[in-house]
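Chains A and B, in that order, are what the protein sequence lines are.
Just so you know, the first sequence maps onto residues 3 to 336 in the working numbering.
Just so you know, the second sequence maps onto residues 3 to 336 in the working numbering.
Be aware that a few hints might be false.
Partial pick of chain A residues on the chain B-facing surface, computed with a CB cut under 7 Å [what the hints assert, rightly or not]:
no. : residue
1   : C87
2   : S99
3   : S100
4   : L231
5   : I239
6   : P240
With a straight-line cut-off of 27 Å between C-alpha atoms, the simulated DSS-like cross-links for lysine-lysine are [to be verified]:
no. : chain 1 : residue 1 : chain 2 : residue 2
7   : A       : K151      : B       : K151
8   : B       : K151      : A       : K167
9   : A       : K281      : B       : K212
10  : A       : K188      : B       : K281
11  : A       : K188      : B       : K292
12  : A       : K24       : A       : K281
13  : A       : K151      : B       : K281
Partial pick of chain A residues on the chain B-facing surface, computed with a CB cut under 8 Å [unchecked claim]:
no. : residue
14  : N30
15  : V33
16  : M242
17  : Y283
18  : K309
19  : D313
Bear in mind the hints are in silico, worked out from the structure with no lab data behind them.
Beta carbons are placed, not taken as given, at the ideal position from N, Cα and C, and that holds for glycine.
Protein chains: 2
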Amino acid sequence: MAKEFTVAVAGATGAVGVEMVKTLEKRNFPVKNLKLLASARSAGKTMKFKGEDVVIEEMTENSFKGVDIALFSAGGDISKAYRKCVVDAGAVMIDNSSAFRMEDDVPLIVPEVNPEDIKWHKGVIANPNCTTAIMLVAVAPLHRAKGLKRVVASTYQAASGAGAKGMAELIEQTRQILNGEPIEPKAFAHRIAFSLIPHIDSFMPNGYTKEELKMLNESRKMLHLPELLLTCTSVRIPAMRAHSESLNLEFENEITPEEARAILEAAPGVTVVDDPEKKLYPMPVDATEKYDVLAGRIRQDISRNDKRGLDIFVSGDQLLKGAALNAVQIAELL
Amino acid sequence: MAKEFTVAVAGATGAVGVEMVKTLEKRNFPVKNLKLLASARSAGKTMKFKGEDVVIEEMTENSFKGVDIALFSAGGDISKAYRKCVVDAGAVMIDNSSAFRMEDDVPLIVPEVNPEDIKWHKGVIANPNCTTAIMLVAVAPLHRAKGLKRVVASTYQAASGAGAKGMAELIEQTRQILNGEPIEPKAFAHRIAFSLIPHIDSFMPNGYTKEELKMLNESRKMLHLPELLLTCTSVRIPAMRAHSESLNLEFENEITPEEARAILEAAPGVTVVDDPEKKLYPMPVDATEKYDVLAGRIRQDISRNDKRGLDIFVSGDQLLKGAALNAVQIAELL
Numbered sequence: 003m004a005k006e007f008t009v010a011v012a013g014a015t016g017a018v019g020v021e022m023v024k025t026l027e028k029r030n031f032p033v034k035n036l037k038l039l040a041s042a043r044s045a046g047k048t049m050k051f052k053g054e055d056v057v058i059e060e061m062t063e064n065s066f067k068g069v070d071i072a073l074f075s076a077g078g079d080i081s082k083a084y085r086k087c088v089v090d091a092g093a094v095m096i097d098n099s100s101a102f103r104m105e106d107d108v109p110l111i112v113p114e115v116n117p118e119d120i121k122w123h124k125g126v127i128a129n130p131n132c133t134t135a136i137m138l139v140a141v142a143p144l145h146r147a148k149g150l151k152r153v154v155a156s157t158y159q160a161a162s163g164a165g166a167k168g169m170a171e172l173i174e175q176t177r178q179i180l181n182g183e184p185i186e187p188k189a190f191a192h193r194i195a196f197s198l199i200p201h202i203d204s205f206m207p208n209g210y211t212k213e214e215l216k217m218l219n220e221s222r223k224m225l226h227l228p229e230l231l232l233t234c235t236s237v238r239i240p241a242m243r244a245h246s247e248s249l250n251l252e253f254e255n256e257i258t259p260e261e262a263r264a265i266l267e268a269a270p271g272v273t274v275v276d277d278p279e280k281k282l283y284p285m286p287v288d289a290t291e292k293y294d295v296l297a298g299r300i301r302q303d304i305s306r307n308d309k310r311g312l313d314i315f316v317s318g319d320q321l322l323k324g325a326a327l328n329a330v331q332i333a334e335l336l
Numbered sequence: 003m004a005k006e007f008t009v010a011v012a013g014a015t016g017a018v019g020v021e022m023v024k025t026l027e028k029r030n031f032p033v034k035n036l037k038l039l040a041s042a043r044s045a046g047k048t049m050k051f052k053g054e055d056v057v058i059e060e061m062t063e064n065s066f067k068g069v070d071i072a073l074f075s076a077g078g079d080i081s082k083a084y085r086k087c088v089v090d091a092g093a094v095m096i097d098n099s100s101a102f103r104m105e106d107d108v109p110l111i112v113p114e115v116n117p118e119d120i121k122w123h124k125g126v127i128a129n130p131n132c133t134t135a136i137m138l139v140a141v142a143p144l145h146r147a148k149g150l151k152r153v154v155a156s157t158y159q160a161a162s163g164a165g166a167k168g169m170a171e172l173i174e175q176t177r178q179i180l181n182g183e184p185i186e187p188k189a190f191a192h193r194i195a196f197s198l199i200p201h202i203d204s205f206m207p208n209g210y211t212k213e214e215l216k217m218l219n220e221s222r223k224m225l226h227l228p229e230l231l232l233t234c235t236s237v238r239i240p241a242m243r244a245h246s247e248s249l250n251l252e253f254e255n256e257i258t259p260e261e262a263r264a265i266l267e268a269a270p271g272v273t274v275v276d277d278p279e280k281k282l283y284p285m286p287v288d289a290t291e292k293y294d295v296l297a298g299r300i301r302q303d304i305s306r307n308d309k310r311g312l313d314i315f316v317s318g319d320q321l322l323k324g325a326a327l328n329a330v331q332i333a334e335l336l
């Protein structure tokens, strides 16, 4: 009989937590026992798992006895507070927050990108930021073939990146604008309905946001490319739950769009959607609830005098590949 | 007494035409006589100009007798069909379509960028594509100071770029999605509400769209920089009427964000909105109905090992600077 695991989901009622539970079920993860953990506010409520009601428990330091794998998506502060008791209980923490991603003894993993890094974990494995995960699923196979040198990224990030409250605010605010009612932004810094906000996470002294620098630093760590050059502009748009990215890529070696398509068609976790004449290209509506990242608009960068540049557009479900799916895939690797 | 002109607006009932009439009024253009021209369908209806009702006439070959300036925004085919009779009538055609932009004897003008090119017009002056106009208002002053070499652009284009029917479809489709009703895309190739479409205008054999190549070719012409390198990814997002652009710029010479801000603060047609700590940066809602292009998120490109790179984010009203305002400004130059 195959081994089964006791799995805890910390932050089970959040947008990512809900998708983690669904993904464990859909991918038939060998769950012996599922513990749903949340704040006292949600304790006593139930969530469905494989047709049965599972009661949500308040998360305490004693929640992790007997747990094999703890999927965390309750914010960085909660992850930091519980790290020791999870590891002491002998569980492996797979953390969706940014709290430990850049720590030297915490592997940061996308299974399609750097599964080998799972070997050196010491009880904590980090899930990368959603935009990094979505980008690298498509870019890592190209890097392995041609050597990635520089990336210029502009993102089109969905409301789901701000959690369930972000999606609710987009819907509510859109209704208010359509009805001519006043709005009051809360989840976002400004009005998002029928507009955009070029600001995600806080600003650093160099003018970049933390969100933008995560893409650089996390990519360097996961690709083992400390010299990688990358600039990013992260923009929130009024899309619902899939992130898109416009990527301008420079490689060490020449690469044609045909080669890139062949590489991506053979790569796990990527679906090539690239037939412009048939109006086929990646779009958030098509990426929503899909495990794969969609890649398309693949073309030779005409702003270079050589064939070492590609432009590519990707869309991926922020809650799945950007968060819940990737965490469950890491658990599968274990 | 100052000279006054007989001005015709061809395509007066379209999204851009309406803004042309409003802009002529708001900027107090010296109009002696205003002729509003449209298809037979709209003939007989009226539009307000300076408090008075002006009757819309059906456009015919005889419409341009006595006209000094004809502002065209009725599509490229109409512009081509009427070019000869407008010029023969002695009027100057200022055309918002892409029909003549790349012709050698047609100047393509943004008054803040290349006003000197108006000297060599032969009866037709072209208005650039909206994304080119919005970009160059901010980029041309930096180019003059530091020598522009290469641009990597990703756009966030509003529904207004598809005209009044584009804005109406965004509103109607958004309502339908919120109400769980079926949708039927017409103005756009796919669903735009709560999503995006990385496809504007038709595709060329190299995988770029015409829209993306316009930015390259029109920028080269207007900046008199035939060697300029530029790649663009044009994306329609569910914003209403201001376009935004994420621009990665490479210059011949070093340029710091402080220098760039100082140059743009002194430049006509640009408002610098760049105080991240106060959550101030360009956004479509703030650019809407503004004459100026908003520029912000100005930072040194960290993906380079020198100081010749800048990242910048701009938003501009697509119907105004991207179309109607620029046409009227060209008329003012005349």
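Taking each numbered hint in turn, which are not upheld by the structure, reported in ascending numerical order?
Failing hints, ascending: 1, 2, 3, 8, 12, 13, 14, 15 and 18.
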